[in-house]
Every structure is written in C-alpha cells, then in structure tokens.
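Colleague: Residue numbers (the numbering used here), protein chains in the order written: chain G, 796 to 1255; chain C, 214 to 391; chain P, 22 to 950.
To be clear, the hints were calculated from the coordinates, so they are not data collected in a lab.
Among the clues, some could well be false.
Simulated restraints, written as ranges between beta carbons of each label pair [said to hold, decoys possible]:
#1 P:D696 to G:L1121: 49 to 57 angstroms
#2 C:H305 to G:V941: 46 to 54 angstroms
#3 G:W1124 to P:A594: 55 to 63 angstroms
Calculated Cβ distances over 12 angstroms to all of chain C for the following chain G residues [to be verified]:
#4 R865
#5 G929
#6 E1131
#7 I1156
Simulated coverage check for chain G against chain C, where a stretch passes if three residues somewhere in it have a Cβ under 8 angstroms from a Cβ of chain C [what the hints assert, rightly or not]:
#8 945-954
#9 978-987
#10 991-1003
#11 1024-1030
#12 1071-1077
#13 1111-1123
For every residue, glycine included, the Cβ atom is placed at its ideal position computed from N, Cα and C.
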Amino acid sequence: MKTERENNDNPLGYPTELVTADTTYRSASEQVADISLSWKPHPRAWYIGFAISFCLLMLLFLAVTWLFIRGVGIWGVQIPVAWGFAIVNFVWWVGIGHAGTFISAFLLLMSQQWRNSINRFTEAMTLFAVACAGLFPLLHLGRPQVFYWLFPYPDTMGLWPQFRSPLVWDVFAVSTYLIVSLVFWYVGLIPDLATVRDLAKPLWKRRLYGVLALGWRNSARHWQRHQTLYLILGGLATPLVVSVHSVVSFDFSVAIVPGWHSTIFPPYFVAGAILSGFAMVLNIVIPIRKFYGLENMITSKHLNAMGCVMLVVALIVGYGYVVETLMAWYSGDEFEIFMILDRMTGHYSWIYWLVILCNVIVPQALWSRQVRLTPWKLFIVAAFANLGMWLERVVIVIQSLSKDFMTSSWQNYTPTFWDWATLFGTLGLFFTLLFLFIRFVPIISISEIRELVHERSHEH
Amino acid sequence: MSTDIYGLMARFETAERLVEATHAMRDAGYVRMDAYAPFPVEGLSGALGFRRNAVPAIMLGGGVLGGAGAYFMQVYAMAYDYPLDIGGRPLHSWPAFIPITFELTVLSATLLGLLGMLALNGLPRLHHPVFSAAGFDRASIDGFFLCIERSDEKFSPTETRARLEDLGAVNIEEVPLE
Amino acid sequence: MNEKSPHPVRQWRSLEERAATPEFREWLEREFPPLASEWHDGLSRRSFLKMMGASFALAGLGACTRQPREKIVPYVSQPERVIPGRPLTFATAMPLGGNAHGLLVESHEGRPTKIEGNPAHPATLGASDVFLQASVLDLYDPARSKAPTHRGEIAPWPAFQQAMLEQTQRDPTGAGLRILTGRTTSSTLIDQIDTLRQRMPGLRWHHFEPLDASTIERGPSDPVHDLSVAEVIVAVDADPFGEGPARLVNIRQWANRRSRMDRSRPRLYVAEPAPTITGARADFRRILRGSAVAGLLRQLQEGRADDEWSRHLLADLERHQGSCLFIAGRSPADEVRALTDMLNARYGRSAGKKPAQSGSPDSLAELAAAMRAGEVQTLLVLGTNPVATAPSDLMFGEALGRVGFSAHLGLMADATAQACQWHLPEAHYLESWSDCLAFDGTPSLVQPLIEPLYGGWTAHELLALLTGTINSSSHKIVRAFWRKTAGVTDFEEFWRRSLASGVVDFRFNDAAEETTRREPQSSRAGELEINFRMDPALYDGRFGNNGWLRELAAPLTKVCWGNVVQISPATAARLGLSTGDMVTLERAGRSVDGPVFIQPGHADEAVTVTLGHGHPAGGSNAGYGFDAYPLRTTDALWTGFVSLRRSKGKQEIVTTQHHQTMDGREFVRVVNSADEKPDTEPPQKEETLYHPDEFLQGDLQWGMAIDLNACVGCNACIIACQAENNIPVVGPGQVAMGREMAWIRLDRYFEGTESAPEIHFQPVPCMHCENAPCELVCPVGATLHDSEGLNVQIYNRCIGTRYCSNNCPYKVRRFNFLEYNGDVSSSERLQKNPDVTVRVRGVMEKCTYCVQRISAARIEVKKEFRAIRDGEVIPACAQACPAEAITFGNVADPQSRVSRKKRSPLNYGLLAELNTRPRTTYLAKVRIE
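Pulled out of the complex, with its shape left as it was, chain G reads as follows:
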C-alpha cells in the first residue's frame, strides 16, 4: 500500500507513476523473470487457487464426458428455450476476452503507457477466455462429432456452410479472434522469452526458453520490424475486437425473436464485453499484484485507469438498457413491448433487476476516487460487474426465448446440475490455464518495463 500513498502527492492527487524509482533494468528483468524461473515456493495462494481450479477442471471433463454419452438432453434446454447456459456462457466468455485485446491493442494505439505492465497478462487472459468460449459452440451442438461441417472444406457431397447464418459468422469471428490474439500475444512475448533465456541458469532451461524465443537476439533491425508488426497488429485487433462481439450479437439481432431483433445489440454487446473484461482483469490483477508483490509495476495508476474505463462502459451499457426499452415502446410492436414488460415484471424479472443493479448502479461507486484507489473496493465492484454481465446474457437468451410469439408454446427454463457443472467447469479451465501461465511465463512485458525505466531515467 505504501506506493499508493506516495503517488497521491502530486497536485491533482492522481497517481502518476508507472514504475517506482527504485526499479532498474536488471531489477525489473530479474523480478519478473524470477517468477517463472525460480523454484522457490510460490505464495500459498497460488497452490490453493490452482488446486481449486484444477478440481473444477476435472468437473468440466466429467460434465463433457456425460454430455457426449447422453446428448444435450442432460441440460435444461427444451422447446422453446433451445439455447440455454451453453450460449450464455459462450457470450460471457467471449466478452471477458475482449478486455485483453482492448487493453493491449486499443491502448497501444492510444499510446497509453500504463497498459505496458498489464497487457501481457490481459492478453493471456483473452486467450484463455476465448478458449473457454470456443468450447461452447461445439459442446452445445446436438451432434458435436460433426462440428467441422461449420467450416468450408472440400466436402465429398460438394456442400458448403450456409454463409447467411450468423453462426457461421461466429465460427469465423471467434477463430480469427483466437488466432490473432495468440499471434499478438506471442509476438509481444518473444523478447521476454529471450530475457528469461538469458537469465536462466540450467542449460535445459536456457534451451527451452531459447527455442521459445526463436533465437531472438535484440538486434535493432529486428526490434524495428517487431515494433512495426506489433503496432499494426494493434491496429487490426482494435476493429477486430469490436467486430467479434458485434458478430456474436448478430446471433441474436439477426433472428426475429422479440427481445433479440434489435439494432442496439452490437454496440451494447461490445460495451458489455469490455465491462466484464475489465472487471475480470481487476478481479485477477488485484490479488496477483498483492501475492507477488508487483505493486511497483502494477501501480494504483493502473487500477485507477481501469476503474475509469469500467465506469464509462457501465454508463454505455446502462444506456443500452434504456434504448432497448425505448425502442420497444417506440416500435409499437406488441411482441417487443410485451417482451420488455415481461423482463421487468415477469417470471425472470428478479434477474433483470439484479442485472441493472450489478451493471449500472453498483459501478456508479467508481465516481469516487477513493473507491478506484482502494484495491478491495475496486475488487468488489468488479465482481458485481462480472456477475451482472453473466446474468444479462441469461435474460437475453433465456427470457426472450421462453416467451416469444406463440403463447401456447411458452415455457420457462430450469437449469440442471449439468448446466451448472459446465459453467463452473469452464471457470476451472480458465483459472487452471491462468495459474500455469503465472507460473511459467513472464506475466509482465519486461522489455516494455525496461522502456519505461529508460524513459524515467530521462525525466530525472
């Protein structure tokens, strides 16, 4: 906590420091590299966290095995609610992924230097989130064994995917997103792998990281091309991240289901994605910087900045809710109007109001600097936002389907044990990957920290 207090000394009272004065090239390099190199015991939190995540991961395997044995009927899905938790989780996870790309790509373009010490980490988070998300479109198929029919490939019957279907757009959007994020992440990682290689003592580690570093030798020419690529990738990833969640929102807005068929969906999904994404970043970063003592690199300026972003997107999301209601009323379409009223007063209304609470009301606390600067308060607000965004998808997917056109077909949805198992299972997958990442990969972009150190040495 010491750093926070120091940082508040400047006239505006906002923390400005990205790296603390005592950080040098070597200290920064070693501090970060050690996390992945040294065998000295990690904080107990790491072991506990890993154990829990791993159990959940096993639960996921169980759930998926049973799913493949029995079929999607083990979930609560039915007619009319033919999409259940699987799609809810899919949308939620994709959304979480977005913060990573947003931070590393968009802020890179805006040359927001405060991104530097968190981007690596959030990019990894993106990868893992998208990996979790990617599972669901496959799992929720009635016949997952033939998922590859979604891709254009030389089919013996000469068949193609039906390119007018948003689900096919999804396939392309999500896989593109996964690949681009991976490239972006790895390109940024190469110099740091080289650093780890050079700091590593035992030969096998030098070799291992050496191979991963692709023989990077910090040549100025290499740096030049590397930086260009990295910047352009940032430029591509920014519209990509917007496109991905827009495409996901098309799954709904292209359909004619009341409550889905709405033009506000793309922007409002993207905003929601960023909200949940930043929330997840905070929920992970705050504990980590504490347990690994990284307060000097992930300073309260970062927390403050992320808090501000969350506040903004929360407002946009709130606007989305308002517009949705307004448009329903303005359309004069009896089905749309009914749908909104049912959201607010019907069987699922409690979820709707919980969503409003989590995504719009609670984030208002972020107006207070004091909240933005107190890690545990920020953590709580973020947790609310995460829950809220998941519930929002429940409302969109399940409530809309449960009461569409034919009153005779209306029916409510009840999740089964396996629905929950799959949800928590993917949480397990996500955090297991995350803990392994923390353990074996430089979680902060060392080269960029060195850059910061270099610049600071000039300020003074």
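On the provided structure of chain G, position chains C and P as indicated by the hints.
Modeller: Same frame as chain G, but now just chains C and P:
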C-alpha cells in the same frame, strides 16, 4: 590474433551512447554492423542505416488477398457452386457476406505479417555467432552492444577496436566464429 | 418421472439386484404373482421395454413377419405376392365398445404399420380417431401376455384345455357356467353362445362395458342420432363428437355443414358440467351440473326459460320447428330419456336410433349378484377387465373369489387376469378372424393382418373349446357362420367381396332391449358433485399401456401422462386449491387421491375425473395418473357426490401447453357471422418490394388450408402423424421439460371469462413458410426449400444447433435432445414406417407435409406420364381428420380444393405480419350470434 572471428562486440553503458557510437562508426564508413539493446531504442536502427521495412506492405497484401478471397468464396458457394433456396433470400445476399469477409481480411493480414516479420528477421534461428560473445546475454537485460562484423572491408582488429574504445565502449569482446 | 434408462444389459442385472431389496420383495408378496411383478416396478417404461426386447427377439419376432395361414384379401388390388417396399392395404374392422369401426390397414412386408378409416364403412367414412390410430401400437406392445398362466405360473395351452374340458364335464348342463364378454356385436360369437346354450341350458351370458350403462344394469343404451338434417342440435351432458359408436359420423355431418362449403350452418347448443370437445365447439354453451340435467330438460319441456341460454334456445327451437335434435347422454334417469324423447317428438324430426346390438345378454350386476350368491362355479371372462373397471359396489373382485373355476382371456395380465385362476393371452384384433356390426347394423368382417405374435386365442376359439372342439381356428368358425347365414349361392365370391370392401352386404334385424327404472342420486350436505367421464386418450383404460395415447394431451386440459381432478375456478378459490394440489376424494367408503386441475368453464361445486388411468389396463405404463373406478358405483355411473379433502403435497402436472390464452394475439381469428364477407369478394393482394417468387415458380406448389370452423379438436391428426412419421414417445419426464415430439400440435385457447370462456382449437403443423426464418439461420443449410415449396429438413446434414427452432415463430420444430428412438423395444420397431427416417439423437425434425407420400405419388405419376391429381396426395393428418378440416394440395393450380379454400375471405396466415408467407393457412372461425 586469429582471423576466424565473427567480429568485435562492444558494450556501452547507456542507450544514448550506443546510438552515438553507431552513428560515429557509420560515419567512419562501417557498414556491416549491428546493434543490440534490451528494448527498442529510438533512432538506433536509423543509425544503422536501416531504412525500408517491408512488414506493412506484406500485411496490406495479406489483407487484400484474404478479404477478396473470402467474399468470392461466399458468392461462389452460395450463388454458383451449390445454389439453394434459403428462406427465399437472394442467392447473392451480399450484406450477409460482409462479416466473414472482414474477419478473413484481418486473419490473413495477421498471419502474413507474422511470417513476414520472422522471415525478414531470419527467425527462427536457434544459434547465432553473437551469442558466443562473452557477456552478450546482458543484451536482453541491461546491455547495449554494437557489433562490427569482420566481413566489413574497413574492419581491422586493432584499428576498429581502438575506434570503439574512443567512442566509450566499456568492454570489447571478440566474437568467435564458432 | 420417466428418465432415460441406462444400457439394457445393466438393466437385466439391476433388476435382479432390485428383486433383492426388501421393499421390492415385500411388494412382490403383497400383491402380485411372480410373473406379473415387472408391470409396476419403479423402472421406467422404456427400460422395461428394453428388458423385454431381448425376450421378444427370441419369442415372437420370427413369427411376426409371416403372413397368416389363411387367405386374406388386399383391399384394392391383389398382387401375386407382396412386393418388397410396396405396402399393401387390407380392410378390417376394429370392435370398440362393441361396435365395428371399419379400417384400412397398411401393411409393410406383413407388418401392419398404419391404420386409416375405411371410406366404404358407415362408422368411419374414411376417417379415424385416436383409438383407431393408436390400436396398432397395442399390437406390438411388449407388455402383452405371451403365454397362458395358471395362478401366475406359466402353463401350456393343453393344460388349460384339459382343465377346461374337465370343468365342463363336471357340469354338463352348464348350470354354474357363466360367460362374461365385453359388449359385443359379433354375430359369430353370439351364434356360438346360442349353440352352447342349446347344449347346456344352464349357461348364462353376461356382457360388460365400463362406458355403457346398459351393460352394467339392464337399460337402454345411448341412441345414435343423425346430425345431417338438424338445424338446431341440443346436447345436454352429451358428447356426440367424442363418445359413442357414431362419433366420427357425427363430426363429419356437423363439420361439413359448418365449413364454408355449405352455408346452412346447424347451431349447436351444449349444456354440460366439464368442457368436452362438443362443448368447446358449441355456439351456445351453458355450464350445467351433471345432476341438473333432468331439471333443465323438464324446464325446456315446460317452455320455461330462466337464463339467457334457454331463452335463446327456445326461440331457436320455435324458429326451426321440426328440424331440431336433442341429445341427452349418459344420465341413468329414465326421466331424462322420456323428456328427451318428448322434446325430440315436439321439435325434432326423429328420435335417435338404438345402436346395433345383437343377442340379449344379461348385465354385469346380475352376474355379480349370482357370484356372490355362489351360483357360479365356472366363469369365463373374455376380453374385458371387470375387476378393475366394474362399479366398486359390485365388489366384483371379491365375488370372483367364490368362483370355483375362473379363466380370463385378455391382451394384458391386468387386474382380472391376476384375480382369475387362468389367464390366457388374447389375439389382438389385427391378429384375429371375427366379425361385428357398425352402429347402424352393417356387418363387417375382422380379418387378421398378421399371425398372433404370441400365439394368442380369440374368443371364438375359446368358446369352441366348450363344445369340445380343440384347436379349431376362428377363421373356420367365422366362415362357417357366414356360410350358413349369408345364404348366397357363390359363398366364395361373397366372402371375397366382403373382405375386400370391408363391409358385408347383409342385414340383421335388431333385438329389442328391456329396461329397468333407475333414479338419479341426490347430494348430501357439504358434498361436491363428481362426474365420471371417458378419458379422451385412454377410453375406459384399455389403452392405458399405449405410449402414444399416454403422451397425447387431452384436448381440453392439455394434460398427458396422467389424469386430474377438474374443478371450476370459483370452487377452487372457495376451497383454496390451486392446480397441482393433491386432494382426496371420498365416496361410499372408498377414497382416491389425485391432483387438482382448475378447468375454466367447469361447473361450480362439482369435480370431473376421467376413468381408466392408474392401473386398470395393466402394463408398464399403467402407473401414471390415479384410478377413479373405485369411486364409481352402480347408482352413480356418471354423476354422484363426493367429499373432497385436501391432502398433502403438490404434484407436477405434465402438460404440453402452459399458457392458456392468446393475450390478444390473433392466432385464432373469429368473424361474427353478421360481418362475414361474401365468397365472391376477391382476397386482398399483398404488396411487397421483394421478389417473393424468385424460386417457387414451378407449377406444383404444395400448400395446406385448415378450416377452424370444422376442427373439433379431436386429436386424431396428432396420433395419425405419430403413427405415420415414426415419432417417438419421450415419457412424462421429457414432456414436463418441454420436449414432446408431436409434429402437429393442437393449441387450445380460452377467451373471455374464466368461469365461462369461449374455447378455440388450432392444429399447428409446420407452416412451410416461403420466407422461412428457420432456413436463414441454419449454419449448414440442413433446412431449406425444395422446388415444390416444401420446407425440408435434412436429418443427416443437421448438426443440432437448434437455432432454427429459436427462429421459428410457430415453434413447430422438435429436437431429439436424447436418443429417443434408441429405446424402442424390438417389437415396437415393427410398427415403424419404413418410408420415414427414424431420427437419431441431436437432430432437428418437424412436419414434412408427409413428403414420403408426395414422393410415392410422384413415382406413380411418372409411371403413367401424367401430373399429380388433386387429392392424390393426402398427409396423414388430413386423412385421419373426421371433420375434413385439413385440405392439402397444389396451390399453383387454381382449381385445386386447397386453392379454392384459400380464396375464401376467411383465409389468413398465422403471424403473417412477419412476412414469413406461410403455405399453411387457416380459415377464420365464424361466430354465430
């Protein structure tokens, strides 16, 4: 003084001194040299006389290729190869083809960019003579190096070494060829 | 809950493990002989079928694709031999409630698979209903008895023959010999009995039909009426569309005149306690307690009107003097009959005719009395189940204990089978030779389509045994009877013609009926009226093990897999009951627990229960619902009084429709007859900026029109579709989750007040939209349009994203969430239609307009180089529909019947405002003021 060395590796204290030194050596007519720093140092590659960077062009090419390819794949599939009556929609329903076109544009630009960057940098390359220079591992931590290669015609073990020392190299190592 | 069962092999083991558990053993001892023990165990129906499957593979299957030994005659043309892949159609008749229903049965390589009405038969006119349609499944029911049993142990046939012969020798005059049959009109059977009577004068014959009061105590059976002439039809506590041997004819006569084709619309007045399909279609429905029937009739007779309904009716009666018809059902009171006859005499053209009945058997009550008096030494129960279904005050089961020698011939090891010493497997009517009379006396021959799967006997063969003839075939017996009766010179030709046409060109003269007086019950304080009614799906319970009918939602309650205690909203409010609450009904010292169901339009201070649920049928499905028979006594066969007590708990009621109103969305459009547009007015042209006909240019474009004026909501289309299209039964657990598979569903909406709502029916198959929303969103193009405008579903391309269902505004798509067909027993597989794919897990399915029938027709016309004629392709639903409400055909041909229907100003598309351009359209209901 054996002749089978790769070059001379001089380490400088700071990025600034490295850039100055690089400029100086270049003014002195040295061409075959390379500089190494733990982070992208501004102006360093310029000092080395590195001008044209093909990466953006490659990515643009990739993007255009991918985008066009994607759109034509969809039109071909939906309207010519296997036309079907899908919900009475036109065979060539172009608005529906835009998302995939965009995604594939980004994808192929990215992939070509990555390959381009690696190819131009001659990576992956698991070994390089400079690695055998003593203390070179600091290049990825806090060392700023300038390597004058022996293949440069102005290269002379003694004179070059002297010149580097003048430029304030804190340490000069011979880079063995093997 | 009927959850899916694990692997069959496991089941075998687990059953033994099961048997080891104390409660299971206790339960074995408590009630059943070892063999019958499987029927009610906790295992799901499916798992049970799976278990039995293996044994059938050994037991019956070898036999069941064999043709019967005797010569049977195809209906249309007799091919040299069965052409593989080409179904044959045979005419036969199904006896139900004693009267014949003429059928055409489709047979694939010797397997009867689909049942249709026989157009030449007076009782079906080519239509059918749920019972006829579903009876084919009973044939393959794995729960059927497979061997004779003696006190629960399997015994060989000869053993029974031996025992029977000894028994007859012991009592040659037949003094103590009684035969109990269901209500029968089989002239052969009656002739056999008469012959027996001559041998053993002491022999007495009784008959019993749970739903026919006249068989329980001597009395007049309900008359059948001719609706084709009446201008005003008044049904007082009667359900002419749902019950009685002439129900299909009634529907046809009424519906034809109600549809736009014929402008003279008979007006239907109904007064009843619980809404029936007749009441639902009434122009003027009055809620009347079952015990008030006589009162109302008396009041009408005296010309008094103290309510809107009666006033309106009396006016109408005056206006249509001479062409009115009164139908008063059920009520045992002779006063009611007298009043009805008087009213018919005054306003009507004719009183109803008695349904055909031959012979004059004694009633069940008399038999029970004789049994209690110990006069009965030998009792043969032929194809009826009195122990479970007789009025409880007869205490039939108990009386049966006093009978020295009792044998039961039946399809299932039901309660009676377990109470008798001998149980003999009966041959299903599709396995039997017999004959019976239509309600109007037209005889029909029952010819088998398949050898008895389990070597069952017919009643004829059993009676022949009494005369000492062992192993005689019912074929011989029936032929012999007709040879001597028909009195024609060329009998072979007569026989062939009768079999081929499905009706026998011959007439008997009806036997008279004696009657005894009965008085209606009166209530005691604090009691509710209870009405016992036929179950719209299980009949009297004999179909209790039929998966299709178990899963068929009742037309008014939309409840399946169980029955409910129907009660009016007001009374429920008074008693603080809500749907699903368990209540105990107590009557005459017997009590029954069941879940309450609040039924709009039900009479206050009264409850209605349907008979035949719970256990009466026997079989593995029998456990669902509660058995109301124990409450039913001879003095209250249809209406009595019970005390209702709230008992513990709530029960989830399995229903296929959770929301009962349209909420102002005009799914069912209603036009007042006053503001009806004339047919001449051309339908308004719809404007669009798109090019809707870019694809559908062909001169063969399929479409369907459903006339809501004709539809009476009888459910026949649903079962017909299920039988034709191999639609699986998913069980109550899955239905409760919202996973029923019916391709055509019957939506039932209430409009207006809860106490006296207007009721609408709407059959909803796939709309085959020209701009189908489902197609647009399928990522693999598994659903798309063919050149004839069908919205087709390609099962082997479907990957199961279910997006199409989400985007279907009509929600007609059905998904195989689990491997629903994996569990079909090997015997039930024989029913599957080989022309229709059996869908695997994970694929979407839906109504195809019976595309297999379309392609069959396409092949035919190709051979004859001609176009498909109008009416040449009829989907299963349209074919079954007794109301002819569904018209299918080529909408590109302006002369086709469907095009003419669609030209009507009443024609509208469901949710057409979504611009889906549905090919299935509806004709708006005309409300008569």
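Colleague: All hints are to be evaluated individually against the structure, with a verdict given for each.
Modeller: Going through the hints against the structure:
In this structure the hint that D696 (chain P) and L1121 (chain G) lie 49 to 57 angstroms apart at CB is violated, the actual value being about 38 angstroms. Between H305 (chain C) and V941 (chain G) the beta carbons are some 28 angstroms apart, a value that contradicts the proposed interval 46 to 54 angstroms. A beta carbon spacing of about 35 angstroms between W1124 (chain G) and A594 (chain P) contradicts the range 55 to 63 angstroms that was offered as a hint. Its beta-carbon lying about 32 angstroms from the closest one in chain C, R865 (chain G) satisfies the requirement of being farther than 12 angstroms from that chain.
Remark: the non-interface label on G929 (chain G) is consistent with the geometry, its nearest Cβ contact in chain C lying 14 angstroms away (cut-off 12 angstroms). Once the 12 angstroms rule is applied to beta carbons, E1131 (chain G) is consistent with being away from chain C; the minimum gap is 22 angstroms. Consistency note on I1156 (chain G): stated as away from chain C, and its beta-carbon is indeed over 12 angstroms from all of that chain's, at 34 angstroms minimum. Requiring three or more residues with a Cβ within less than 8 angstroms of a Cβ of chain C, the coverage given for the region 945-954 of chain G holds, as 3 such residues are present.
Proximity of the region 978-987 of chain G to chain C, defined as three or more residues with a beta carbon under 8 angstroms from a beta carbon of that chain, is established by the 4 residues found. A count of 3 residues in the region 991-1003 of chain G with a Cβ less than 8 angstroms from any Cβ of chain C is obtained; the coverage claim is therefore met, three being the minimum. A stretch counts as covered by a chain when three or more of its residues have a beta carbon under 8 angstroms from one of that chain; for the region 1024-1030 of chain G and chain C the count is 3, and the coverage holds. Residues of the region 1071-1077 of chain G with a Cβ under 8 angstroms from some Cβ of chain C number 0, which does not satisfy the need for three, so the listed coverage is violated.
Counting residues of the region 1111-1123 of chain G whose C-beta lies closer than 8 angstroms to any C-beta of chain C gives 0; at least three are required, and the coverage claim is violated.
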